[in-house]
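Visitor: Each chain is listed here by its residues.
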Amino acid sequence: MQVDSAPVIRASDLKKHFHDSKRGVVRAVDGVSLECNQGEVFGILGANGAGKTTLLRMLSTILKPTSGTATIAGWSITEQPDKVRSSIGFMSTTTGLYARLTAREMISYIGSLYGMSGRELKAKVDEEISLLQITEFQDRLCDKLSTGQKQRVSLARTVLHDPQVLFFDEPTAGLDVVASKTIMEFIEQKRDQGKTIVFSTHIMSEAERLCNRIAVIHNGKVAAVGTFGELREMTGEERLDHVFLKLIERAEAAA
Amino acid sequence: MKGWTQVWRKEIREFTRDRRVMMSAVFGPLFMELLIMMLFGYIGTQVSSEKAQKILVQNPQHGGRALAALRNSKDQKFEIENLPEGMTPEEALNQKKGRAVISFPDDFDVKYGNDSPPEVKVFVDPHEATGDLAFGAIAKVLGEQISQYTQQYLQSKAIDLRRLVPFVFKKQDIKAAKPVGGDIFASFLPYLVILFAFYGGFSIVGDLVAGEKERGSLETLLISPISRTAIAFGKFAALATVSLTGCVSALVGVFLPGILHLRATEKLFSGGFAIAPSSVFALIITVLPLVVFFSGCLLAVSCYARTQREVQGYLSLMSFVVLIPAVFSQVIGLTDLGSSRWISFVPILNSARVIREALLNKVDWTNLAITGSLGIFLAAVSLYLAVRMFQKESVLLRV
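Chains as they are written, first to last, in our numbering: chain S, 1 to 255; chain V, 1 to 399.
Any given hint could turn out to be false.
To be verified - Selected chain S positions facing chain V (in silico; Cβ < 10 Å): (1) S60; (2) T93; (3) T94; (4) T95; (5) R100; (6) G115; (7) L141; (8) S154; (9) R157; (10) H161; (11) F167.
Claimed, not checked - Computed far set for chain V versus chain S, every beta-carbon distance over 12 Å: (12) A68; (13) L161; (14) F188; (15) F255; (16) L315; (17) L360; (18) A380.
Source of the hints: derived by calculation from the structure; they are not laboratory data. Glycine residues also receive a C-beta, built at the ideal position from the N, C-alpha and C atoms.
Starting from the given sequences, assemble the full structure and let the hints guide the process.
Guide: This is how it looks when you write it as structure tokens:
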């Protein structure tokens, strides 16, 4: 696989602080800077509560950063959020579908939100339905679909507008092996098509299989960034789970 | 605002497939109103029909001319039975043997027309409306007999009755605008219109934003290129459509029997069925802002809540704010408050009054102008609030 060196995602000192009545100021993301290149699968590895989802939500303009900035495909997440949103697709396991729409209606609806209509919309929907093997259940209500079928519909609506950047937030959490395999293969396919993919997970094997580079996040900060080989060198460990734990320990000690 | 129609269309498509919405906004109001109308029609028929009043008589053998007058009355119908032996009037009434018990003293015939007139007692249960009805009918018949006797007596003494009466009076109805259907509409319809403007969207409001938070489908919307204002407006428009459908269904349910001339409700529409264009205009000016106002408030609640269950909790409290003025609006026509200008400045109550005036075909343009303006202002505020809520990430993404 070939990785273009031009950074498609540039984040600079991104911070997101929340005020919590019990815990005071919560620094969910605390000065994250990173770059992702075209055709790269960039992994974000971290324990639960490390700040992965908040980081992805800021990059995808769902949340506004407290400070710092980022650009996606050249668009600023704070200045041009609508342009950013046109350039990205976002999927997580928790992303739901509309129970009373059919699979086809669900995908078409999302397409219409991206400004598609008429023949163009129908052609794109037909294409994704065929590619993701949704044809058989395209007219079934989403409520009646199996988990695997729902995942396919979710994937279709994520890529329908052919975004340059794809965000996957723990996309396989809670899924069985077969459903996970579909998603992993889908990500590989998109990577091979030259899409930039940000993949957040806490499953080491998935990160190892998919990611060109990995950022280890701990307490809202980047503990380390590099290829799997570079991270191994940094820690002197072989297995990724050991690498991860060592980096976390170091980050704790430095804090 | 580009894209709000897509959101609106999708929400409406989902609503049409949701049985709860069809029940709460279409079939519920329609059939409930039809049922209420049938019920009112039945009650109206029963009250106005000349059904015999069942009365019991104690000492009928002494009833003489008074009892004969009751038996032979043409204006009032009575079903007269003797009080069962050994039973007191109180026992008979408590056991619902009759609506009233009339008791003649043993010396009734002897003292009839004497210097010390005999006392006839009419026993009724003060907590039963039927008792009052029966007493009214008895009083009318016996009163006429007393009046006839008095006239005959005065004539026999060569005294002109008119010399004893300082003045006479009688009830004279004025020529007023004909109410829509009948007076009964003006008393309960405003209440129903307001209720359905609020409750029409009740079943789906939880689904609109809080439900999306729960399902995790909100993210999909938030990362689409259409603005949050457009998303919020699309959802608001869908909610307003459902609430308005609830109102219209309720109105159709009320007017349908009048249009179809259903026999069960013909008493309610005995005065005919006509609504003036000014009344239709007043209804539109009042109902539309009301629907917008309620929809904005409901959507703001759905934005704020974390879950659908939380939405229902807030709405239960909010219901009282709507119900109290709505209930008060039902009786306001019976008081002097009904014509006070300040009521035009009380939300919900002012709408109820304008709807009432419209149904009586007596639109007060000043009341309508104040109510309409205030309604539009409040509608704009609630819509603004809902849109603002939808843009606030601390509210929208709180889980």
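Visitor: Give me the numbers of the hints this structure contradicts, sorted from smallest to largest.
Guide: none
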